[in-house]
Amino acid sequence: MTHGKSRDPDICCVRTPHPCLVAAWLMAPALRGRPLILGGLAHERGAVTTASIEARAQGVNEGMSLNQAQQFAPDAVFQSVDEEATARVRQSLLSTLHHFTPDVAAGQDPGCAFLRLDRLALRWPDRSKLLAAITGAIDRTIRVTPAIGVASSMFVSQVAAERATAGAPVIVEADQTRRFLARLPIDVLPLDDDLREYLELLGLRTIGRLQAISRPAFRRQFGLKALDIYDLALGTDRRRLRPWRPAVRIEASEPLEPPVDNTEALQFIARALAERVSAALLSQGLGTRAVRIALNQESAPALVIEARFAYPVTTAGELFDGIRPRLLRASITAPLERITLRAGRLEPAYVRQPGLLIRGDGRRESIADAVARLQEEYGPSLVQRAEVREDAAPLPDHRILWKPA
Amino acid sequence: MPDRLQQAITVLQTRFGSAAPRPAAPPCPARPSGIPELDALTGIGGWPVGRLSLLAGPRGSGKRTLAQRSIAAGSREGQVAYVDFPCRLDPEFLCRFDARLDQLLVIRPKSVKEGMASIRVLARAGVDLICIDLSRARSVGLDTELPHLLHRAAEADCTLLLVHDAEADDAIRYYASLILSFERSAWVFRRDGDLEGLQVEAAVVKNRLAPPGRKQQWIVPYPIR
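Read top to bottom, the protein sequences are chains A and B. The opening residue of the first sequence carries number 310 in the numbering used here; numbering runs sequentially from there. The opening residue of the second sequence carries number 2 in the numbering used here; numbering runs sequentially from there.
There's no promise every hint is true.
SDA-like mimics (lysine to any residue), calculated; alpha carbons at most 20 Å apart, straight line [claimed, not checked]: (1) Lys712/A <-> Lys111/B; (2) Lys712/A <-> Arg109/B; (3) Lys712/A <-> Ser178/B.
FYI, nobody ran anything at the bench for these hints, they're computed from the structure.
Next up, chain A with everything else stripped away, as it sits in the complex (with noise of 0.2 Å):
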């Protein structure tokens, strides 16, 4: 469905199935088609968490006890909800979707994500062609066919995908906003149940009778909170698209051939593996603020230090500054097979650039850095702040409010 062609919407949004019921699809085909209860076997205690279209159409919905959805569907499949497969369901498709911009966003709905289209106009001139290859990349990651709807807001794309058909994209154009959402029932709008049944009693059951109404006469009826339903209800939707990044993992392993028992070679490998982990972040702009060194021993459990940063640590001499004094301390007990570095915590490097040329920029984030690192390594008693409290009564324990740095 297409209304007009004025101005390219900004906002698409994609929707699939729940993906702990894409998971359960992935993981055993043959259930697709067939009515599958996801939530728990159905002797158990629990509740739905969702349900295919075959069993939806058997009258089970979200959040029905397991017992009385058996009730309705008596020969539909009952499963748990496998979360591990439906994490990586959810990061397959946020992750399908970066490859074609970065302005990426999960949606709260489990199966729904955003994307900003506005950026891609010069690589893919065609918006028709880029909605079909997002559902070509998706239907090949997760083997499902997502309902897509375009619109110039979160909320109206939402609407959009809800009432989109698989393979069949509706775009709603900026100007036709309002038309579009005038003809739907309120309950699209997310009403809490006094509002709701307020605005059944005055007999508003579209959104095109609540667009009719001026803003000030609403805001006089509804109060001031409910202004944000009335700025939905003409598709104006303040969310900003929070972008999504995809998990990064960076680590450097080296095998020790032959074994290592001596920390003066040790920490030659560790300085190279630092420089290895420091290019690799570099590269993608990012800090760590905590290293984990695993070391695995020729007959003896692996070690594991961490060392952690008050600050996203970039650079080799950083990060070997971090390591080399955990690593002296490691009670090695037998030969070393192989070492890995591994950068935790990532974080932008956003951090402050001191000022090369003022004599002392950078003293407070290097003070943050060595408070972090003795308290880790004595506990975080050992370095205090004390703060006077006037209020309190007149006796040290309740006046002065110690406090680790």
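Chain B: place on chain A using the hints.
Relative to the frame of chain A, chain B by itself:
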């Protein structure tokens, strides 16, 4: 130094290079202590930067009050640290000297080794002034730690103050560049008989940067402020 003497030294330095006479104590930057009398006493205008100053004397002689006043003055200019071995620092007392508590790090180590490691790390990170409040029982093992600590402090231009209750060990006395000995000389009373303050006498026992032997007296007023 008189101008004529300075001219003579310059001529000799031009003529003989490194063999020429030079001042026994090289110029050393100083950090004001916040007490003008004390700055005059040290001979260089304050605590020597990058070196260790020892404040020794019996309990109740005013040395800790003086050190805490210096810490308060330092906190108004930058980050400072107080290594509280006896765990008896009262931050509210520091507030009387207008200390900025958000600039003060209080370190409460369980052993000398832990405390010295903390000081080394903080000095390297850029803390300007560190006061070490050491009880007599905790000074064991300090002699082996002090050389490393002083090397780090000199590198980082960090001023170290060491407050010691009793007669300091030889090692501490050796490594300190400035030793001030404090003594309570008298109680000061008002005419109506109320206690007004404490008269403190400080003497420079050792000074590597200026002539030692100076003495100074001042009154620590009650209530302390």
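Comparing the hints with the structure gives:
1. Straight-line distance between C-alpha atoms of Lys712/A and Lys111/B comes to about 17 Å, which keeps the hinted pair within the 20 Å bound.
2. Between the alpha carbons of Lys712/A and Arg109/B the distance comes to roughly 12 Å, so the proposed pair stays at or under 20 Å and holds.
3. Taking the CA atoms of Lys712/A and Ser178/B, the gap is near 34 Å; set against the 20 Å cutoff, the hint is violated.
Figure legend: structure checked against the earlier numbered hints; the only hint not met is number 3.
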